[in-house]
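There are 4 protein chains.
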Amino acid sequence: MDKSDQADPSKIVQHLLNNDPFSQWIGVEIEDVKEGFCKVSCTVRDEMLNGFEVTHGGILFSLADTALAFSAATYGRVALALDNSISFTKKSTTGSRLIASSKCINLTHKTGVFECKITNSSDELLAIMKATVYRSSEEFLL
Amino acid sequence: MDKSDQADPSKIVQHLLNNDPFSQWIGVEIEDVKEGFCKVSCTVRDEMLNGFEVTHGGILFSLADTALAFSAATYGRVALALDNSISFTKKSTTGSRLIASSKCINLTHKTGVFECKITNSSDELLAIMKATVYRSSEEFLL
Amino acid sequence: MDKSDQADPSKIVQHLLNNDPFSQWIGVEIEDVKEGFCKVSCTVRDEMLNGFEVTHGGILFSLADTALAFSAATYGRVALALDNSISFTKKSTTGSRLIASSKCINLTHKTGVFECKITNSSDELLAIMKATVYRSSEEFLL
Amino acid sequence: MDKSDQADPSKIVQHLLNNDPFSQWIGVEIEDVKEGFCKVSCTVRDEMLNGFEVTHGGILFSLADTALAFSAATYGRVALALDNSISFTKKSTTGSRLIASSKCINLTHKTGVFECKITNSSDELLAIMKATVYRSSEEFLL
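Residue numbers (this note's numbering), protein chains in the order written: chain E, 106 to 247; chain A, 106 to 247; chain U, 106 to 247; chain B, 106 to 247.
Bound-form chain E, shown alone (with noise of 0.2 Å):
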């Protein structure tokens, strides 16, 4: 496939983030997307905390997941999650700016291994993802 015929890596991880309802109520905010690579953010609300006054694991997941299914979509074609395995290391709370970098470590035809690093504002890591997604035929044209 032509290159040129390919859509740009930026526009299709914005394309994604303007239809996607949920990473919007996390308040996700693009900072960096390159080929295979994705680095998003957001800040934690007291409505995201657990019954222990703490971020709820799901929100740490879920923008860990949302940079996950960005930097696999970089790629050009539509991929899906398989198996996401996250390992939380530390507490944050209201206020915390949560920042997850996902980047590709093995690519197949079909299916993509992907790391992904949670860390707070002073670079502490506060939860590590590993993920396997499924790579489908279907193109972005955007």
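Check each hint, because a few of them may be wrong.
Identical chains share a label here; the pair holds if one copy fits it or two copies do between them.
[As the list claims (entries may be wrong)] DSS-like mimics (lysine-lysine), calculated; alpha carbons at most 25 Å apart, straight line:
1. LYS139 - LYS195
2. LYS139 - LYS196
3. LYS215 - LYS195
4. LYS196 - LYS215
5. LYS208 - LYS144
6. LYS222 - LYS144
7. LYS116 - LYS222
8. LYS215 - LYS116
9. LYS215 - LYS144
10. LYS195 - LYS116
11. LYS208 - LYS195
12. LYS195 - LYS222
13. LYS139 - LYS222
14. LYS208 - LYS196
15. LYS208 - LYS116
16. LYS222 - LYS208
17. LYS116 - LYS139
Rather than coming from a laboratory, the hints here were simulated on the basis of the structure.
Given chain E, work out where chains A, U and B should sit, using these hints.
Structure of chains A, U and B alone, referenced to chain E:
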């Protein structure tokens, strides 16, 4: 420890939900609680979708993570998720009922392994999660 | 495809074991085979222990991975493990009987999710594994 | 605790290997040891293959699990794997050199998260593992 000193599983779970803003935002309803088990549910809303008009993976994970936290808390001590591995098996969308059942499959003094299945109202599997928790010494006093 | 053209699940699994030197070294015995399911077993020997006189985690994983590969192959196509997540729940040692049962919990055209439990002869859970496989188009012709 | 009372990381790892029959069977060689880090290697033999003339997934996992156990032990206390998630990215076969590097990415008093990459001699990624360990209070006294 005298069994009568322990908080009741249902009271613990209700207490956790009452103080958990994100689970409330998701619309979590408690369906069933036993020692080592918790079943919760919610209904997918438009604002929970991703860029493909499909329930965001973070919503499925969040519901499963809430079920996990609640089921782990039924033993009377605060438990923290260390590692969660989730596999996504079927799509859902606005209006879908999500039902997450988390049960303990192994418990030691300081750790526990849990499995959580998420189904829709037709009992089709949407996702399955395996998780490891760390059990702190802090007890629920309700 | 005509069902009669497909290889029989038991024949496929026996063929795989006959050609699998490491599973033979472990001493894998086939206990039960059905479409989407395989149960295998082995007995722990001294040379399978780690530095704590406990069965090496790699032995438990290897037996589970063999059960996984065999159960995935019962559908008649070559399948490759993409991601395996294993939780260790109980120790075993020399003389322990290890029994691994892998069953399919979700199957699509190109991928599958399997769960494998490893127990001892007292039916105590030693480990539990969740795995995702990629299904190639290559068929077993036996 | 006085640093001088602690066992040396290299001595701990050598002691573990000297007493670990399965790692010896695999042919594990210690390449590098630092606090929170261990690099080991081995060479694939015919008896380590599966039914497709490819290195059995259990061999890759076993080498990674040994690297994990050794790297976790460098802190001077006995550590047990709770949950290991491994993704397989490239095949290898007889004669391939397998090099596994495990490093700590988060450490608390009772738990640790480690990442282990397995490469071949051309530095191509064969597998990546993320693992959570439980740190017992038992110390190595060598």
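* Hints that the structure is at odds with (numbers, increasing) -> Violated: hints 2, 10.
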